[in-house]
Every structure is written in C-alpha cells, then in structure tokens.
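Each chain is listed here by its residues.
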Amino acid sequence: MDVLYGLVTPFRDIAGSPAFFVEVLIGGVAAGLMYSLVALGFVLIFKASGVFNFAQGVMVLFAALTLVGLMERGVPVVLALGLTVLVMILLAFAIERVVLRPLVNQEHIILFMATIGLTFFLEGFGEMLWGSNVKRLDVGIPDESFMVAGVLVNRLELTAALTAAILVAVLAVFFHGTRIGRALRAVADDHEAALSIGIPLKTIWVIVWSVAGGVAIVAGIMWGAKSGVQFSLSLIALKSLPVLILGGFTSVPGAIAGGLIIGVGEKIGEVYWGPLVGGAIENWFAYGLALVFLLFRPQGLFGEKIIERV
Amino acid sequence: MSATDGTGPLLEVEGVSVRFGALLALSRVSLAVGHGEILAIIGPNGAGKTTLLNVISGFYHPYEGRIRFAGRDRTHLKPYDVAGLGIARTFQNVALFKGMTVLDNIMTGRIIKARGNLLLEALYWGPAMSQELRHRAFVERIIDFLEIEAIRKTPAGRLPYGLQKRVELGRALAAEPELLLLDEPMAGMNVEEKEDMCRFILDVNDEFDTTIVLVEHDMSVVMDISDRVVVLDYGRKITEGPPSEVRTDQTVIDAYLGVPHAS
Amino acid sequence: MIYRTAGQFKTTYASDQAIFPIVQDRVVVTLALVAAFVVPPALASEYWLQAVLIPLLVYALAAIGLNLLTGYAGQLSLGTGGFMAVGAYSAFKLSTAFPHLDIVAVFLLAGLVAAGVGLLFGIPSLRIKGFYLAVATLAAQFFLIWLFNKVAWFVNYAPSGTITAPDREVLGVLVTGPNATSGARYVMALAFVAIFGLVAKNLVRGRLGRAWMAIRDRDIAAEIIGIRPLRTKLLAFGISSFYCGVAGAELVFLYLGSAETLAFDVNQSFLVLFMVIIGGLGSILGSFLGAAFIVLVPIFLTNAPHWLGLNMSVALQKHIELMIFGGLIIFFLIVEPHGLARLWQITKEKLRLWPFPH
Numbered sequence: 001m002d003v004l005y006g007l008v009t010p011f012r013d014i015a016g017s018p019a020f021f022v023e024v025l026i027g028g029v030a031a032g033l034m035y036s037l038v039a040l041g042f043v044l045i046f047k048a049s050g051v052f053n054f055a056q057g058v059m060v061l062f063a064a065l066t067l068v069g070l071m072e073r074g075v076p077v078v079l080a081l082g083l084t085v086l087v088m089i090l091l092a093f094a095i096e097r098v099v100l101r102p103l104v105n106q107e108h109i110i111l112f113m114a115t116i117g118l119t120f121f122l123e124g125f126g127e128m129l130w131g132s133n134v135k136r137l138d139v140g141i142p143d144e145s146f147m148v149a150g151v152l153v154n155r156l157e158l159t160a161a162l163t164a165a166i167l168v169a170v171l172a173v174f175f176h177g178t179r180i181g182r183a184l185r186a187v188a189d190d191h192e193a194a195l196s197i198g199i200p201l202k203t204i205w206v207i208v209w210s211v212a213g214g215v216a217i218v219a220g221i222m223w224g225a226k227s228g229v230q231f232s233l234s235l236i237a238l239k240s241l242p243v244l245i246l247g248g249f250t251s252v253p254g255a256i257a258g259g260l261i262i263g264v265g266e267k268i269g270e271v272y273w274g275p276l277v278g279g280a281i282e283n284w285f286a287y288g289l290a291l292v293f294l295l296f297r298p299q300g301l302f303g304e305k306i307i308e309r310v
Numbered sequence: 311m312s313a314t315d316g317t318g319p320l321l322e323v324e325g326v327s328v329r330f331g332a333l334l335a336l337s338r339v340s341l342a343v344g345h346g347e348i349l350a351i352i353g354p355n356g357a358g359k360t361t362l363l364n365v366i367s368g369f370y371h372p373y374e375g376r377i378r379f380a381g382r383d384r385t386h387l388k389p390y391d392v393a394g395l396g397i398a399r400t401f402q403n404v405a406l407f408k409g410m411t412v413l414d415n416i417m418t419g420r421i422i423k424a425r426g427n428l429l430l431e432a433l434y435w436g437p438a439m440s441q442e443l444r445h446r447a448f449v450e451r452i453i454d455f456l457e458i459e460a461i462r463k464t465p466a467g468r469l470p471y472g473l474q475k476r477v478e479l480g481r482a483l484a485a486e487p488e489l490l491l492l493d494e495p496m497a498g499m500n501v502e503e504k505e506d507m508c509r510f511i512l513d514v515n516d517e518f519d520t521t522i523v524l525v526e527h528d529m530s531v532v533m534d535i536s537d538r539v540v541v542l543d544y545g546r547k548i549t550e551g552p553p554s555e556v557r558t559d560q561t562v563i564d565a566y567l568g569v570p571h572a573s
Numbered sequence: 574m575i576y577r578t579a580g581q582f583k584t585t586y587a588s589d590q591a592i593f594p595i596v597q598d599r600v601v602v603t604l605a606l607v608a609a610f611v612v613p614p615a616l617a618s619e620y621w622l623q624a625v626l627i628p629l630l631v632y633a634l635a636a637i638g639l640n641l642l643t644g645y646a647g648q649l650s651l652g653t654g655g656f657m658a659v660g661a662y663s664a665f666k667l668s669t670a671f672p673h674l675d676i677v678a679v680f681l682l683a684g685l686v687a688a689g690v691g692l693l694f695g696i697p698s699l700r701i702k703g704f705y706l707a708v709a710t711l712a713a714q715f716f717l718i719w720l721f722n723k724v725a726w727f728v729n730y731a732p733s734g735t736i737t738a739p740d741r742e743v744l745g746v747l748v749t750g751p752n753a754t755s756g757a758r759y760v761m762a763l764a765f766v767a768i769f770g771l772v773a774k775n776l777v778r779g780r781l782g783r784a785w786m787a788i789r790d791r792d793i794a795a796e797i798i799g800i801r802p803l804r805t806k807l808l809a810f811g812i813s814s815f816y817c818g819v820a821g822a823e824l825v826f827l828y829l830g831s832a833e834t835l836a837f838d839v840n841q842s843f844l845v846l847f848m849v850i851i852g853g854l855g856s857i858l859g860s861f862l863g864a865a866f867i868v869l870v871p872i873f874l875t876n877a878p879h880w881l882g883l884n885m886s887v888a889l890q891k892h893i894e895l896m897i898f899g900g901l902i903i904f905f906l907i908v909e910p911h912g913l914a915r916l917w918q919i920t921k922e923k924l925r926l927w928p929f930p931h
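Protein chains in written order, with the working numbering: chain A, 1 to 310; chain B, 311 to 573; chain C, 574 to 931.
No lab work stands behind these hints, which were simulated from the structure alone. C-beta: ideal position from N, C-alpha, C; glycine also. Incorrect hints may appear among the rest.
Said to hold, decoys possible - Computed Cβ-Cβ distance ranges for the label pairs, DEER-style:
1) B:G331 to C:I872: 58 to 64 Å
2) A:H176 to B:G331: 24 to 30 Å
3) B:N403 to A:V104: 17 to 23 Å
To be verified - Derived DSBU-like pairs (lysine-lysine); straight-line CA-CA distance at most 30 Å:
4) C:K583 to C:K891
5) C:K921 to B:K463
6) B:K408 to C:K666
7) A:K47 to B:K408
8) C:K723 to B:K423
9) A:K226 to C:K891
10) B:K388 to B:K408
11) B:K463 to C:K923
12) C:K891 to A:K135
13) B:K408 to B:K504
14) B:K423 to B:K463
15) B:K408 to C:K774
16) C:K583 to B:K423
17) A:K135 to A:K226
18) A:K202 to A:K47
19) C:K774 to B:K463
20) C:K583 to B:K408
21) A:K202 to B:K423
22) A:K226 to C:K723
23) B:K388 to B:K423
24) C:K891 to B:K408
25) B:K408 to B:K463
26) B:K463 to B:K504
27) B:K408 to B:K423
28) C:K583 to C:K774
29) C:K923 to C:K583
30) C:K723 to C:K666
31) C:K891 to B:K463
32) C:K891 to C:K774
33) C:K774 to C:K921
Build out the structure end to end from the sequences listed, making use of the hints.
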C-alpha cells in the first residue's frame, strides 16, 4: 500500500506546484539537449561510415581540454577556438589514417572495439597534455537564472539549448542541401556507389570525423561551462548511447528527440519518484528505457528498420 | 527416416506465395520432388529461385500455400527445426564459418546428430568423448569422399572459392540429409571445378540416395545432371519437365530472352 | 632439437583431438602446473603474490568467461563488471547467511546466481547484436551496480556499504578473510582457474564450442544447419556469467578482502574486455596472457622510472597506462586479432622448425 501511495503522490505534487514542474521540465530539456549534442556526433559518423564511434564522448572531453588548456596558457579565446578546431581536424586525419583505413573491411564490431581503444588512448593523451585537474571554462555567459512568468530559467542552459537547436539546423542543411552532404549520405548506403560519385572514401571519412569533432567542441564548451572540464565529461558519452537507441542510430531528428525524452524523463523520475527508491535513478533510467526499446523497437523511434538478408 | 518409405513424394510445395512488402516474390508455386530425384530450378535473375529455397528451409514463411515434407505439413517451422527433419542446404555466396577449420565446419554440420550433456562435455569424459570421436570418424569419411584431406586443419576463410563451395557441401552432407538444397553450387567455378562438383552431386545422389534440389544458371550442367527441371519467372512456375523438353519449350526461351510478359 | 614432432604420429582420432597433441607440450604443461602450485607459495614474496599473481589468476578467470561469450560466441558484453559484482555480493550474502557452508560451495553457488542474472540480460541477444547488444549489456552494468549501491540488504546493512570476506577454511587452512595467508589464497585461486580453464577448453573444442563459433561466424548459416540461436547464445551468457561471477567472488574473497561497488564499475568491464582482445579473441590460453599483460603493465610503469632513475608522477603513469592500453587495443585489432595467443603459437611453430626458417 505504501509503495502504491509513493507511486501516486508525485502526481499530486506535480498538480500542486505546476511552476516547479515546469522548472524541472526545463532543466530536463536543457540536459536532454546536451545529450543530443553528443549523440549528434555519433549519428554523423555512423551515417557516413557505419562506424559506431564509442570515442565521441572522449572527443568532447579532448576538445574541451584543448580549448581550456590553450586559454589557460594565455591564448585569446578566438585564437584558442580556432586552434582547437584545427586540432580536431588533425585528429580526424590521424584517426582515419591509423585506425579506420587499416580496418576498412572489418566487421562493425571490430571497429567498435577499436573506438573503445581510441577512447582510452585519447583520455590518457588529453590529460597527459593538459592535466587531469578540474578546469573552469568561462564562456562569458553567467550561470545564473532569471524569472519568466513565474518560472526560473537558467541563462546558460537557455544558451546551450539555442546553440544545440542552431547546430541541428545547420547540420540538416549540410546533409540535405549540399553536394558533400549528399555524398556523405550515399557512403552510408553503399561504399562503392559513393566512390562512383568521385569522392574518395578517405576524404569523406576525414570530413565527417572533422564535423563530428566540431560538434564535440560545441558540446565540450556547453558541458564544460556548466560543470567544469573534467574526466566525467567523457561519461556523458555513455549517457548518449541510450539516446541513440531511442532515436535510432541513423537519424539526426532522432538524436534530438531521444535526448529530450531521456533528459526530461530522468529529471522528472529523479525529482518526483527518486525518493521512493533511494535516488540516483538518473544513473540507469536512460539504460532501462533503452533496454525496453531494444527489446520492442530495436531500430528506435526514427531509425531505418533493420532488415536481414540471407 | 521411417516416414520416407511411403510412396508419395518427399517434398511437396503447394501453391506457395511469398510477399516482401509490395513485391510478390513467389506466386502460387507448386512442385513435388520424388525420393532420390535430382530436380533443377532455373529461371532468369529475380525469378524467385533463392526465395523458394529459403521458404523450403524455413527462413521465410509463405503467406499462403503449404509445404509438406515426407508427408507431414511443415509450413511454419523454424530453420533449425527444418534441419532436424533432414533438410540441409548450401548458399549462393558460400556461408562457411570463416574462423573455424574445415574439420570444425563439417563437424558443426553434424550438430543435429549430437546429443548434449553439458556436464560430461565439460569434463570431456565418457559418452561425450566417444560421441565426439564417432562424429569425427564420420566426418573423416566425408573429407575422404570430397578429397579435401589436405586442408582439414585450414581455416575455411583462407581457402579459394571453389574449395569453399566443396567444404560447404561437406558441411551439408554431414547432417546425413534426406533432401539437399544447393543454391548455385557451380557459381564462380572454373570448368574443372564444375566437373568435380557435378561428380560429387551425382555421387551423393547415387551413394547416399539423397534427394537433391538445385538452383543453377549453367544450363549445360542442369541438362547433364538433373532428372527434371522446374522453370520460374517473375515468381511463377511457367513450366516443368525433363531437361530435353524444357530446353525447347517456347515459354522458357521467351522468359530468358525477355519477351514482354503481357503477351 | 628438443621441440620436435618427428616420430610422433597420430594414429587415432582421439590423439588428434587431444588438447596438447604434442608430447613435449603435455610434459611442459604438467610440470608448469605442478610448479605453479608449489613454487610461488614457497618462494614468492608477499608483494608478488598479493599484487601480481593473485589478481592475475582472478582476472584470468574473468577473462576466460568473457572470452567464451565474446571471443567464441561473438556476443560483445560490456557488463562484465556487473556480473562479477553479482558473484561477489552473492558470495558475501551466502557466506554470511550460512556460515557453515563450505567456501568452495559458496563460490560455485555465487557463480550460479551470476549465471542466472547473465541469462536474464542475455535475452535481448536474440533480437539484437553487435553494438546494440553492447548497449544492452551496459544497461545491465549500470542497473546492477545501482542495485547493489541502493539496497542495503546486499551489504547486510553495513553503514560503510562495503562487503568484507569472512574467515573461511578449506581442509583446515584459512583461505579467505583478513587472516588467510597470501599463499593459501593464491593456491585457492590457482585451483579454481586451473579446473575451470580446463572445463572451458573442453567446452570450446566440443559440440557447444562449435555451435558458439558458428553463431559468431555466420548466424544464419548456423541456424539453417540446426543450431538454435537463442538457446546457444543464452548458454554462452549463462556460462560466461558463471565464470565472471566466480571471478567476482574471488576478487573480494581472495584478492581485495573487502570492496564496494566501485570495484565493479564499468572500467572493470573494459579492463576485462581488453584482456580478451590483447590476449586473443577465441583463445583460452590468450585469456591468461591478456590478464597477465593488463596486470603487469601498471606494475611495470610504476617501477620502470625507478630503474631508469626517472621521476614520474602517479598521474602521468596513469595517463601513459591509458594510452598504452588504448593504443595496444587498436594495434592488436588491426595486426593480430588473435592476440598474444597467436604470437605464442607462431613462436612455437618457428621453434619446431628451428634452426631452419621454413
């Protein structure tokens, strides 16, 4: 009876204080968009190369570390940003040459495991270069809140949300409106067909990993500004895996929707139902949801149906 | 095995249709295969030949029609249960277990003949060991028969294509099937390899009394080894008969030359 | 001239199917095993036993478990840490609830509980594979750790949240708990890994092993020759989790003495996966080599700077360790997916022909 009561009372709380509920909701949306940002990087690489890049999260960390490291050494913000972009492009070249090219015809699972190796390598490398202590990243947007219609809104979260939205729009245009974007989508379907368009596979891979690197920079800045640049940034990558399962591995809108569902779901679950089970629902809510999807709808909300051929 | 001593055909396909979305891959196809027969299925690309094999081996299920094996209805069985009935097959593009040796590949083909006892197997003791050795002895007979003694311990993935096809045949034979489905057993082979493969198919039919259904593009092969030929086009059976008749059949010639359908 | 096969003819299938068909191998392995039971407890220092040999044996058992699932059956799991935790917490609950239960039985039962949980989380493997499955096993990892953190019953309501190995004896000798000697704990770990290593070898060279590899290499073809995918995969999950569960129990009872859930976090899963990849996917011997490698690298990195007279900060060591692990994973996946085990095999073949190159 107590359990039942505990399950039901949160609804009464929600009805009792709608403004607080909206705040929780907004917090969830903001967190969800952050997940979406990381998930976007996954989707880009997966769409264009069929590689499931486990290292996307650590690329976020690596980008943020590089940016902060440069700024700490007195490099002006704009220049530091430019250099970070350059570093991520160089990284894309290096990954293509050292990891992807030798494994080009291997099974996906082998490539996936290789990106796990890449994750460890980049984490060690980044922290060796820039140190592993927590760094503050000040992007000039104060982490403060203001009231809109009786609801508390965080300025930083709002900015992050807007940035994510803009980034998604840009990427959508890039994929559907430009020649290169269309070529990238062609590669995902059929490597040989893409070659016949006249764009070498390795160029496409470098481009798409660079773009994913760019997305990682944006995600790194947003996450870094919010919670400091530190190792735990790479853990958000683990959160974006379920986002992908929900949204579908091949869908940009799916990454956004998946991120929002998980961000909002885990916040509401934690705030209202967390006390019932001792809290920390956030640690596994996303995975639990993903598991349900894997069992009943493995292609996700927006993904292409997985069809097996004999 | 006991079910086969009836007088009816071994395999009956009755009015089977298969649909993939809007595409009708097979449309009310019927055929019967008698005991010990070699039946060839021919037809232009996309005629539904492989689909028919996939339906028989339980990979697809028809939305109408029935399949009977040894007199029993088995339209909706899963592939692994179909294997248990005594139907084995090979694939168009060779589906060997690449990381395993030739020996292990063929040993795996005997899996439906093996009884499992996890505890004894874990200890590799008693019945588990003698069963293993019995299967090994049987597999060695197949290896001798196919003349692949020298490559026993070679990983299947490292073999040339022609040999892979031969090993795949060996894996299918290991199950001691009553019905063997061969999907383009000669594809991609040179003349010599084709001759070898023809000989093996005829020998299998002869020595083990195995009924064979094969899909093949090479007409001279089909004419040489099959007892009867079924012709498919656009998912429908357009004719069947002995090779000599089918060869001169006007509808078959039209199908291959691509004469418009609506006529 | 010692390592020769000349004159050794295999006249029966039984001798050809043996684990070590070559006489020299059989002799060496037997001697090595006997020596492993006798020499280290008598001669090795406390440091070697505690910091190197015991963790090596414990991790080797976990690596064999994951190798059965990933290397043989081809199902990638990132939930190893979670399944090890199930074994550890089950062993703790069993040994404290039933103080008279033999500790060997406790380990085996803990393994069975882990096997049950593994079966449960293996069910999605029927419908999904590859990294989809990897994500499902990550779900298992996070959920299980959360569960052990949150439910105080698992730690007998200890305020610290830690589980501690109680004193338990085998044949009158203390093998677990704070008062057990490292030598006794070592022998216990060795006995388990020797027996279960042999069991694993027997399984993979027989009917079940071939079914696993068939599913791994070509699941559709496997199904069409009569292998039931769900049953085969679930068996892989169950048996693999049994090994991981026993290893998890050993991790606490024979190695650490006491532990929190932190000892079983997702990094543990990665570490065991790395052992399997570096040692060799689909090789029991490789699981030992991989475990040895992953255990020894950090120790080497700690000591090497001293030998060279350099001063290296702990943080730097940690970073270099990560880079070496990550770099080697990529290296082995590209150059030698069969890992150290394959390199060992090549060396042996060379040795057999030595001094001739071919």
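Cross-check of the supplied hints:
Hint check: G331 of chain B to I872 of chain C, Cβ distance near 59 Å, so the stated range 58 to 64 Å holds. In this structure the hint that H176 of chain A and G331 of chain B lie 24 to 30 Å apart at CB holds, the actual value being about 25 Å. Distance hint check: the CB atoms of N403 of chain B and V104 of chain A are about 20 Å apart, consistent with the given range 17 to 23 Å. For the hint pairing K583 of chain C with K891 of chain C, the CA-to-CA distance comes to about 50 Å; that exceeds 30 Å, so the pair is violated.
Between K921 of chain C and K463 of chain B the alpha-carbon distance is near 17 Å, which keeps this suggested pair within the 30 Å criterion. At roughly 44 Å between alpha-carbon atoms, K408 of chain B and K666 of chain C are farther apart than 30 Å, so this suggested pair is violated. With a C-alpha separation of about 28 Å, the suggested pair K47 of chain A and K408 of chain B falls inside the 30 Å cut-off, and the hint holds. Annotation: proposed proximity of K723 of chain C to K423 of chain B is violated, straight-line Cα distance about 49 Å (limit 30 Å).
Simply put, K226 of chain A and K891 of chain C have alpha-carbon atoms about 27 Å apart, close enough for the 30 Å limit, and the pair holds. For the hint pairing K388 of chain B with K408 of chain B, the CA-to-CA distance comes to about 24 Å; that is within 30 Å, so the pair holds. For the hint pairing K463 of chain B with K923 of chain C, the CA-to-CA distance comes to about 18 Å; that is within 30 Å, so the pair holds. Restraint check for K891 of chain C and K135 of chain A: the C-alpha separation of about 19 Å stays at or below 30 Å, so the hint holds.
For the suggested pair K408 of chain B and K504 of chain B, the alpha carbons sit about 23 Å apart, so the restraint of at most 30 Å is met. For a cut-off of 30 Å, the pair hint linking K423 of chain B to K463 of chain B stands: about 22 Å separates their Cα positions. Note on K408 of chain B and K774 of chain C: the hinted pairing holds, with a Cα-Cα distance of about 20 Å set against a maximum of 30 Å. Under the criterion of a C-alpha separation no larger than 30 Å, the hint pairing K583 of chain C with K423 of chain B is consistent with the structure, at around 26 Å.
For the hint pairing K135 of chain A with K226 of chain A, the CA-to-CA distance comes to about 11 Å; that is within 30 Å, so the pair holds. Straight-line distance between C-alpha atoms of K202 of chain A and K47 of chain A comes to about 15 Å, which keeps the hinted pair within the 30 Å bound. Distance check on the hinted pair: K774 of chain C and K463 of chain B sit about 18 Å apart at the alpha-carbon level, within 30 Å; holds. A C-alpha spacing of about 26 Å is found between K583 of chain C and K408 of chain B, which places the hinted pair at or below 30 Å, so the restraint holds.
With a C-alpha separation of about 49 Å, the suggested pairing of K202 of chain A with K423 of chain B is violated against the 30 Å cut-off. A distance of roughly 28 Å separates the Cα atoms of K226 of chain A and K723 of chain C; the hinted pair therefore holds under the 30 Å criterion. Annotation: proposed proximity of K388 of chain B to K423 of chain B holds, straight-line Cα distance about 18 Å (limit 30 Å). For the given pair, K891 of chain C sits about 39 Å from K408 of chain B by alpha-carbon distance, which is inconsistent with the 30 Å threshold.
Annotation: proposed proximity of K408 of chain B to K463 of chain B holds, straight-line Cα distance about 12 Å (limit 30 Å). For the suggested pair K463 of chain B and K504 of chain B, the alpha carbons sit about 24 Å apart, so the restraint of at most 30 Å is met. Taken as a hint, the K408 of chain B and K423 of chain B pair is honoured in the structure, with Cα atoms around 22 Å apart against an allowance of 30 Å. The suggested pairing of K583 of chain C with K774 of chain C holds, with an alpha-carbon distance near 20 Å, which does not exceed 30 Å.
For the suggested pair K923 of chain C and K583 of chain C, the alpha carbons sit about 21 Å apart, so the restraint of at most 30 Å is met. Taken as a hint, the K723 of chain C and K666 of chain C pair is honoured in the structure, with Cα atoms around 16 Å apart against an allowance of 30 Å. For the given pair, K891 of chain C sits about 43 Å from K463 of chain B by alpha-carbon distance, which is inconsistent with the 30 Å threshold. Only pairs whose Cα atoms come within 30 Å are accepted, and K891 of chain C paired with K774 of chain C is rejected, the gap being roughly 35 Å.
This hinted pair checks out: K774 of chain C and K921 of chain C have alpha carbons roughly 19 Å apart, not beyond 30 Å.
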